[in-house]
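A.B. asks: Take a look at the letters that make up each chain.
2 protein chains.
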Amino acid sequence: MKIGLLGFGVVGRGVYEITAARDDMQVAKVLCLEDIQLPDAEVTRDFQSILTDDSIDTVVEAMGGLHPAYEFVRGALEAGKNIITSNKALVATFYDELIPLAQSKGLAFRCTAAVGGGIGWLSELERVRRVETVSMVGGIMNGTCNYILDSMTRLGLDYAEALSQAQALGYAERNPSTDVDGIDTWHKLILSANIAFGVSLDRDAVPAAGISKISAADVSNFKEHGLTCKLVSTGTQADGVYSAYVQPTLYPQGALEAAVPTNFNLITLDGEVSGRQSFYGQGAGRYPTAYNVVQDCVSQLAGKKFYCAYGEKVNVDNSVKLTYYVRGASDAWLEANTAETWDGAVITAPVAVADMHAWLKNNPEAFIAAIAE
Amino acid sequence: MKIGLLGFGVVGRGVYEITAARDDMQVAKVLCLEDIQLPDAEVTRDFQSILTDDSIDTVVEAMGGLHPAYEFVRGALEAGKNIITSNKALVATFYDELIPLAQSKGLAFRCTAAVGGGIGWLSELERVRRVETVSMVGGIMNGTCNYILDSMTRLGLDYAEALSQAQALGYAERNPSTDVDGIDTWHKLILSANIAFGVSLDRDAVPAAGISKISAADVSNFKEHGLTCKLVSTGTQADGVYSAYVQPTLYPQGALEAAVPTNFNLITLDGEVSGRQSFYGQGAGRYPTAYNVVQDCVSQLAGKKFYCAYGEKVNVDNSVKLTYYVRGASDAWLEANTAETWDGAVITAPVAVADMHAWLKNNPEAFIAAIAE
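As they're listed, the protein sequences go chains A and B. Heads up: the first sequence begins at 1134 in this note's numbering, then just goes up one per residue. Heads up: the second sequence begins at 1134 in this note's numbering, then just goes up one per residue.
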């Protein structure tokens, strides 16, 4: 396998290092705008030099971002090259275009590192689907949010302190919105649910609530009620009805989710015959992420292409009712749905997930968290 | 794939049901001493009728026990048939004979359901080994012990009550020794370590301490110190030195292990590049176990044989020092190694795992538990 590697940042460099020790694959060219030299690979600033190199059969995209990653990946597929990427935003956003294109050309398109970093989550979904159907996927998919929430819970920090500590440690970006607003988790949920259920979810109908409005007072409030807050994704299917959403969720202390520390992930599926299975590990970082990129290269060599057959677009129905903790805003709807209060915060009667998220859109200063059942 | 199914108990019946819905495999004959009739398979009391049936390419062994499972499996391999089994005792005990025999004949030998039931643990080790080396395997591998310890911890039951509840629910056998004395976990550890490290551990040097001497007073003692007891296996490798043991282990409340409820398993590996990964799920039960048997059939169809190349026998060195909780016996050695006491129980200074287990052999009424680091 001859690889054209796009990007030589955290993940790209890790892929280069791991593949350097192998004899079944070789990074032949690296697209990188910086002035570096590599012993075993040609460094180029020109994507065309990779695109037109017929000896390169596989493009590993490790640039991140939507553009020009999208143009490069699309071009590589059109030129007959296999794609391996860790770019969840790219795959979730252009799912309906890139997956059918790869499948129509008989090319591999793999993205295991895009969800769960070092966890073999998407590849396990691929295995699970050989024998059973999956009724639920989801869990803690963003290490940055878990780090912030864990610091607030264990150390009693407020949100701003926990965020700046995460930034100092390199766990959070200077502009943390993609993580803390739930967008990264949203991409990972869409990708997981599409593959687990063999469909393409209507993304616009999948809501995401983030953690940026949580306060130390909320965390004390949760503790007093024996609860721990995590940012969690949920995707379900039953009888052709699909539900999917991202939201802070409160677990009883003692639940597996509540025990997930620092920047780790815990991702869960519910299988028709195997039951509940959860996968715990490093959701990000150079080597864990590069590890699954290289795993995908090995899988491709073994003839594995995508994880499932591309499935048609399906609607999302979030009419399922949950109980929520709400603080920071009020109106007639919330008052009508208030079951009790915890130190000024509202605990709702069961309300539809879609309704709660619609309310949050109109009350963006509020913090909401579902109470796990 | 034409299957000869040995045994029609809990697991065998599950395999029959799951395969009945597939068109890539078929249970052609079932070895069963009871008088049953099946719509799609011939039932026989005579193993020879399976052995000499050339249309049967794969034998699924779901009888359990060492004999005649061993004779049947060995005979089937010699007759050129692939083997799929969930029998951990069989594979761990005859590892040095059956694996080389299967490999010399180019036959598949798979046993994913033997460790972790419905968790794809051994198949994940197979995947991990494609890219990295593993330095540690282990965890909570026995649902019966976890159920008993969890009941004692959450409900305050004493050992006898928790055991008889587990027996009433079908989680424990009438003679529970294989589970509560750590033998089942010991088999699973040996199998996991052999595959993860690509060796054959010297089984006689792998000690197992069980849970049958634990009391409600011990559990209260642990709670007072913020600890939760689990039966845990550990296998490590570093620089060609291998360590392996099974023992009750005390985790801080809040640790992932401490949160594993009822009869679930949590199995962990530490990978050179992927870091720590843990796998949580149903470690036993008809459908979870049968699920991974069928997964192995699918893997075999895809050309996957065993999980690793058979590796030569290696010594086990348990000189690593740990701190232990000890109650129920005393002597000069224990007194010399006492660091403190908790309500009459000894907390040792760090002592070698091998020494602690040797002491336990001479003091079989004692209960020991390592304190996790």
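Some clues are possibly wrong.
Using 30 Å as the maximum straight-line C-alpha spacing, the simulated DSS-like pairs for lysine-lysine come out as follows [stated by the list, open to error]:
#: 1; chain 1: B; residue 1: LYS1494; chain 2: A; residue 2: LYS1438
#: 2; chain 1: B; residue 1: LYS1438; chain 2: A; residue 2: LYS1437
#: 3; chain 1: A; residue 1: LYS1238; chain 2: A; residue 2: LYS1438
#: 4; chain 1: A; residue 1: LYS1454; chain 2: A; residue 2: LYS1356
#: 5; chain 1: A; residue 1: LYS1238; chain 2: A; residue 2: LYS1454
#: 6; chain 1: B; residue 1: LYS1135; chain 2: B; residue 2: LYS1438
#: 7; chain 1: A; residue 1: LYS1135; chain 2: B; residue 2: LYS1437
#: 8; chain 1: B; residue 1: LYS1356; chain 2: A; residue 2: LYS1356
#: 9; chain 1: A; residue 1: LYS1135; chain 2: B; residue 2: LYS1438
#: 10; chain 1: A; residue 1: LYS1437; chain 2: B; residue 2: LYS1135
#: 11; chain 1: B; residue 1: LYS1346; chain 2: A; residue 2: LYS1238
#: 12; chain 1: B; residue 1: LYS1437; chain 2: A; residue 2: LYS1437
#: 13; chain 1: B; residue 1: LYS1438; chain 2: A; residue 2: LYS1438
#: 14; chain 1: B; residue 1: LYS1356; chain 2: B; residue 2: LYS1346
#: 15; chain 1: B; residue 1: LYS1135; chain 2: A; residue 2: LYS1438
#: 16; chain 1: B; residue 1: LYS1238; chain 2: A; residue 2: LYS1437
#: 17; chain 1: B; residue 1: LYS1356; chain 2: B; residue 2: LYS1494
Short derived list, chain B residues pointing at chain A, Cβ under 8 Å [what the hints assert, rightly or not]:
#: 18; residue: GLU1265
#: 19; residue: ALA1391
#: 20; residue: GLY1408
Calculated from the structure, these hints are not laboratory results. Quick reminder that beta carbons are idealized off the backbone N, C-alpha and C, glycines included.
A.B. asks: Confirm or reject each hint.
C.D. replies: To see whether the hints hold, each was checked on the structure:
{"no.": "1", "hint": "B/LYS1494 <-> A/LYS1438", "result": "violated, 53 Å"}
{"no.": "2", "hint": "B/LYS1438 <-> A/LYS1437", "result": "holds, 17 Å"}
{"no.": "3", "hint": "A/LYS1238 <-> A/LYS1438", "result": "holds, 11 Å"}
{"no.": "4", "hint": "A/LYS1454 <-> A/LYS1356", "result": "holds, 24 Å"}
{"no.": "5", "hint": "A/LYS1238 <-> A/LYS1454", "result": "violated, 43 Å"}
{"no.": "6", "hint": "B/LYS1135 <-> B/LYS1438", "result": "holds, 17 Å"}
{"no.": "7", "hint": "A/LYS1135 <-> B/LYS1437", "result": "holds, 25 Å"}
{"no.": "8", "hint": "B/LYS1356 <-> A/LYS1356", "result": "holds, 19 Å"}
{"no.": "9", "hint": "A/LYS1135 <-> B/LYS1438", "result": "holds, 27 Å"}
{"no.": "10", "hint": "A/LYS1437 <-> B/LYS1135", "result": "holds, 25 Å"}
{"no.": "11", "hint": "B/LYS1346 <-> A/LYS1238", "result": "violated, 63 Å"}
{"no.": "12", "hint": "B/LYS1437 <-> A/LYS1437", "result": "holds, 14 Å"}
{"no.": "13", "hint": "B/LYS1438 <-> A/LYS1438", "result": "holds, 21 Å"}
{"no.": "14", "hint": "B/LYS1356 <-> B/LYS1346", "result": "holds, 17 Å"}
{"no.": "15", "hint": "B/LYS1135 <-> A/LYS1438", "result": "holds, 27 Å"}
{"no.": "16", "hint": "B/LYS1238 <-> A/LYS1437", "result": "holds, 27 Å"}
{"no.": "17", "hint": "B/LYS1356 <-> B/LYS1494", "result": "holds, 27 Å"}
{"no.": "18", "hint": "GLU1265", "result": "holds, 7 Å"}
{"no.": "19", "hint": "ALA1391", "result": "holds, 7 Å"}
{"no.": "20", "hint": "GLY1408", "result": "holds, 5 Å"}
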